[in-house]
Every structure is written in structure tokens, then in C-alpha cells.
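**Q** Spelled out from the first residue to the last, the chains are:
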Amino acid sequence: MTADLRRAALEKGEVLVVERVGGGILELVVRLPHLAATAMPGTFAQLRCGNGTTPLLRRPFSVAWTHDDTCGFVFEAVGAGTRLLSELQPGDAVDSLGPLGHGFTLVEHGPVVCVSGGLGCAPFPILINELRRRGVEDIVVLNGARTAARLYPAERFGRPAVSVVAEATDDGTRGHRGSVAELLGPALRSHPAAIYACGPNPMLGAVMRALTASGAELPPVIEASLEAPMGCGFGTCLGCALPMLDDDGGSVWRLCCTDGPVMSMRGVDWTALSELPGADVA
Amino acid sequence: MTEQPAVGVDLGRGLVLPNPVGLASGTAGYGFELAQLIDLDRLGALYTKGTTAAPREGNPPPRVAETGGGMLNSIGLQNPGVDVVAAEYAPRWRDWAIRVIVNVAGGSLDEYVHCTQVLEDVAEVAGIELNISCPNISGGLDFGRDPAEAGRLVGAVRAVTERCIIVKLSPNVTDIAGVARAVEDAGADAVSAVNTYIGKKIHRPTGRSVLPLGTGGLSGPAIQPLALAAVAAVCDAVHVPVIGVGGILDAASAQDFLSVGARAVQVGTATFVNPETALQVLDGLGV
Chain A
4 MTADLRRAAL EKGEVLVVER VGGGILELVV RLPHLAATAM PGTFAQLRCG NGTTPLLRRP
64 FSVAWTHDDT CGFVFEAVGA GTRLLSELQP GDAVDSLGPL GHGFTLVEHG PVVCVSGGLG
124 CAPFPILINE LRRRGVEDIV VLNGARTAAR LYPAERFGRP AVSVVAEATD DGTRGHRGSV
184 AELLGPALRS HPAAIYACGP NPMLGAVMRA LTASGAELPP VIEASLEAPM GCGFGTCLGC
244 ALPMLDDDGG SVWRLCCTDG PVMSMRGVDW TALSELPGAD VA
Chain B
19 MTEQPAVGVD LGRGLVLPNP VGLASGTAGY GFELAQLIDL DRLGALYTKG TTAAPREGNP
79 PPRVAETGGG MLNSIGLQNP GVDVVAAEYA PRWRDWAIRV IVNVAGGSLD EYVHCTQVLE
139 DVAEVAGIEL NISCPNISGG LDFGRDPAEA GRLVGAVRAV TERCIIVKLS PNVTDIAGVA
199 RAVEDAGADA VSAVNTYIGK KIHRPTGRSV LPLGTGGLSG PAIQPLALAA VAAVCDAVHV
259 PVIGVGGILD AASAQDFLSV GARAVQVGTA TFVNPETALQ VLDGLGV
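Protein sequence lines, in the order shown, are assigned to chains A and B. Residues in the first sequence are numbered consecutively from 4, following this note's numbering. Residues in the second sequence are numbered consecutively from 19, following this note's numbering.
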């Protein structure tokens, strides 16, 4: 099946600000009218980092939020590409290709549970905004990170702020000490209509195990935004393969960029995924 | 009115590309994604993803890794198989002006012959590019390394097709000109050079290869000078048209290939960076 790329477009946007929002988390705000008008929750943009040939490839970033003709992207300066983005100044240009990918299935009523791990916070502000626009108000955010300094600020998940943000850190510096997956129990008792998750693959695997182990009746929409090392972002290089389950329970490769990045968590081959290195290795 | 100079590139057996700029195999799929992003019909040719007799699932990830000025890939020839390409994909090319040249790959001589036969009566297929040089599966590369084997393969495919045969050469050889001469003698109508260079990247925290198979194919601007030297050697060695490919990023780097004697070019990895690169090359060349 060919990906639907009709909304995707190249666009050069003006940087408005690169803001440090806490710890090492940065938010890049760019005037990108096309992307702002067309991005749906869970879709991403391929951003060029610098104008040279190293780094060569664009980097995929979830569209974190849109406001009028601007878009926000959340990242940490961890590699050559993100370091260049972190050095952008207001007035600089950013080259975007997007929106790309397959976003979240939007439900029409709550409650909704969003499970975020680290920079997995990225797609949730736009998702929460869109859900609220559709009248969904009962939204629970479970926010986890390795340490307090790497937690996306609670008030940024929604404007106005989402009422319930339960936090977890691996080192116990804020909120529950442990995995964000361990916060799922109380949230499931509200019989959510949808569970959305985004974070590193091991954290998502832990979320799926927790959901399965809970014994709770789970909603039809249980989706995760996944990651993989990516070449093109639009389905031609076939580089970003992820192990998914076919109808017979066998493992098949699907592309993170066009089949995802949002996948049904029931369709992921979590065992195979857990054996893969993270997207940062490449 | 002044007559415009002819810009078509005659590759032989009736295959005339409207202009010299094409999209390299493995960087454009079967065209359906890029057709939504750019005006494909302005380009001369689309060389499809390597296509095999049976569907192939491809290699385990990670399949791509970035390097200085380039990228390594180890896709493993993921493709739906030649029957799907012939029956389901080709009809979708019917109204396209761009010439679609199917890149055929295989692990055995019989597989190349079979694929070519399946495509022989498919009207939308403009030509065949024989991938004798994919570094990411065993089998195919052996043909590309040995002039005699390469010639034997091309001879066998020549016997079953009237279509233009372009042979894509591997740079991972001692004497690329010798392989080029062998495939020309065996009946190739044109050659394209080069496929990717075998490369390796180490994940430094672990000291292990990033790519699970250990190595992958290096592409991108990092290889342009290497590819240019190989293409120059091939152009000196053969009389058939040579298509230059390897690290083209813009019109200037494409012109380099034309300057050493290539008749056409393919834009590859740069399409990932900017889907419009090939169109920019076309405009910049002024052809």
C-alpha cells in the first residue's frame, strides 16, 4: 500500500525561539504555515539540521504543537543534528518536510490516558489540544523520565494545563520512583476510551506488559508512537523497519515512517522490538 | 524559431530518455511516494527498487546509519517480488511520462532470467537495469565481481529480452573497467556506475557494528569523487552509454559525471535529503 503523502510539503520556516524548558529539554518554535495547518496529532516533520553534508539526513521530529502559523518541536541536544538545532537563533531558517506519517486515532469521548516517557512527551500537546477541540476533557497524563530534570513540564502538556499529571522518575527525584508504566493501575480504573503512549521502545514495552498484566478491559484504541533510525521519512528508503505482527501472529517488518510512527500497540511484536537497539545508535 | 537541441539520451533498443536525469534504484521505490511529492514526469527515468523473483522481507534493523557526508544502508532488497511489480505496479505507471526502468536483482542466474521474462511483455517497463552489485545480500555481488560471471549473466538475460539492458556495476572490485567491457561484450546496451561502496560503522559505546550484518552500502556525497573516478574509467573502457551515479548532490556534482563521459546521471541519496534534488539538478544542468 502506498503511503498518502499528499499533505507533505517542503517548507522553509523562520525560527522564532529555541527555548530551554527544563533540564536539557529544548523547544524549537518555527513559523511553518503549511505544517501548522496540516499536521495531525502523531505526525512528524523531517527537519534539516544545518546546511552542510554532515549531518546529511534530515531528522524526524513529532510536531509537538501548533499555534496559528507556528509549530513547536521538543528535543534534546544529544547528537550532531540536534546540537545544530539547539544553536539556532531567532531569524534563522529551518527546512521542513511534512507532515509525514500516520498519526493517532482520535476518539470522540474520554477518559483518555496519555503515557509519556522522556522526550516521548513530544506528540502529546497537539494530541491533547485536538482531543479537547473535539470535546474530550477527561484527559490523564502519566509523565515519566529518568530524572526530574528530564521531565517535560506538566503545564506544557495542555493550555490550559491538563488537570491530572502523575509523574514518575527512575531515580525518584520527582513523583513515583520507578517506571511510568507503574502508574497505569489507577488510570485504568477509569475505563479509558483510549490509551496513547510515546517514549523509548523499552518503556513502551513496559507499558504494554503493564496493560496486559492489569487484567483490565482495555479500549480498542491503544496506540504508541514508535521510533526507528530513519533515512527518508516518506517510505522510499525502507530503512526504518519495525517488527509488527501479521494477522497470523507472525512477525513482519513495517515502516516507522509511513505505516507509523503511530502503531496499534496490539500489533507490535514487542519481543522482537525489545531485542533491537534504540533509534539513537545509527 | 530556433530549433532546440535534442536532449534525449538514446540508451539503445529504442529506449530514449527524455533527459539525462534519473532517480537511482533504491532511493525512489517504485515511484508512487515521490509522485506525490514532486513532478516526476519532468525527469528522464526512474530506476526502481531492486526486484527479485519472490517477495523479500529485507534485513533486520537497524538498516540505515549515518556517516560523514553519507549513509550506510543494509535494506536487504525488500521488495514485493516481480509478479506484483508486473501485475499491480506497472499498470499504475501507464500514464507517466517518466521512463520506468525496473532494477532486477537475484541470487542466481535463473532468477535474473525469470524476472526479465516476467517483465518482457509488460508495456510500461521501459528497460531493465541488472543489479549485479547489491552488497547486502549474498549471491548477486558475485556476478558483479567477476568479469566472466558478469558476462555470462548478461548473455543469459540478453537471450530472453529485446529490451534495453543496463548493467549496474559494483565499485567493490579491483578492475571495474574489466567488468564493464565484459558486460558490453555480452550484449549490455548501457552500464550504470556505481552502486554503493561497502562500508562499516561502529557503535562506539559497544564497539560493535551498527548494522547487524556488519557492513552496508555507503552512498551520499562522501562517495562522489570515488564514483567519479570509477565512472571515468568505465567511460574510457566501453562504447555503450554510461550512466553516472554516486553522491550527486546538485547540478555541479552531476555535471562532473557528464564531463568524464557519462551520458546520463542518477540522483540517489540526495533525494532523501530533498525530494526535489533531481529536479534541481535538471534545472541546473539546463538540459
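Everything labelled a hint here was simulated from the structure, so no lab data went into it. Hints may be right or wrong, so weigh each one.
If you anchor each label on the Cβ, the simulated ranges turn out as follows [as the list claims (entries may be wrong)]:
id : chain 1 : residue 1 : chain 2 : residue 2 : range
1  : A       : 269       : B       : 257       : 35 to 45 Å
2  : B       : 247       : A       : 216       : 23 to 33 Å
3  : B       : 174       : A       : 40        : 29 to 39 Å
4  : B       : 105       : A       : 86        : 40 to 50 Å
5  : A       : 163       : B       : 101       : 53 to 63 Å
Sample of chain A residues lacking proximity to chain B, with all beta carbon distances greater than 12 Å (derived) [to be verified]:
id : residue
6  : 6
7  : 7
8  : 9
9  : 21
10 : 29
11 : 43
12 : 56
13 : 62
14 : 82
15 : 98
16 : 213
17 : 232
18 : 258
19 : 261
All of these numbers come straight from a predicted model, not from anything done at the bench. We put the beta carbon where it would ideally sit given N, CA and C, even for glycine.
**Q** Take the hints in turn and mark each one as holding or not.
**A** Here's how the hints hold up against the structure:
A hinted range of 35 to 45 Å is violated for the C-beta pair residue 269 of chain A and residue 257 of chain B, which are about 59 Å apart. Taking 23 to 33 Å as the suggested C-beta distance range, the pair residue 247 of chain B and residue 216 of chain A does not conform, at roughly 60 Å. Checked against the hint of 29 to 39 Å, the C-beta distance between residue 174 of chain B and residue 40 of chain A comes to roughly 55 Å, which is inconsistent with it. Taken as a hint, the range 40 to 50 Å holds for the pair residue 105 of chain B and residue 86 of chain A, whose Cβ atoms sit roughly 48 Å apart.
Distance hint check: the CB atoms of residue 163 of chain A and residue 101 of chain B are about 56 Å apart, consistent with the given range 53 to 63 Å. For residue 6 of chain A, the shortest C-beta to C-beta distance to chain B comes to about 6 Å, within the 12 Å cut-off, and the non-interface label is violated. Not every CB of chain B is more than 12 Å from the CB of residue 7 of chain A (nearest about 8 Å), against its label as outside the interface. The beta carbon of residue 9 of chain A sits about 5 Å from the closest Cβ of chain B, which is not more than 12 Å, so the claim that it is off the interface is violated.
Once the 12 Å rule is applied to beta carbons, residue 21 of chain A is consistent with being away from chain B; the minimum gap is 22 Å. The Cβ of residue 29 of chain A lies farther than 12 Å from every Cβ of chain B, with a closest approach of about 21 Å, so its non-interface assignment holds. No beta-carbon of chain B is positioned within 12 Å of the beta-carbon of residue 43 of chain A; the least distance is around 17 Å. Residue placement check: residue 56 of chain A does not keep its beta carbon more than 12 Å from all beta carbons of chain B (closest about 4 Å).
Distance check for residue 62 of chain A against chain B: the nearest CB is about 10 Å away, which does not clear 12 Å, and the non-interface claim fails. Taking the minimum C-beta to C-beta distance to chain B, about 9 Å, the non-interface status of residue 82 of chain A is violated against the 12 Å cut. Consistency note on residue 98 of chain A: stated as away from chain B, yet its beta-carbon is not over 12 Å from all of that chain's, at 8 Å minimum. Listed as outside the interface, residue 213 of chain A is consistent with that label: its C-beta sits roughly 25 Å from the nearest C-beta of chain B, beyond the 12 Å cut-off.
In this structure residue 232 of chain A is not separated from chain B by more than 12 Å, as the shortest Cβ-Cβ distance comes to only about 5 Å. Distance check on residue 258 of chain A: its Cβ comes as close as 10 Å (rounded) to a Cβ of chain B, failing to clear the 12 Å threshold; non-interface status is violated. Its closest Cβ contact with chain B, about 8 Å, brings residue 261 of chain A to no more than 12 Å, contrary to its assignment away from the interface.
Consistency with the previously given hints fails for numbers 1, 2, 3, 6, 7, 8, 12, 13, 14, 15, 17, 18, 19, ordered from lowest to highest.
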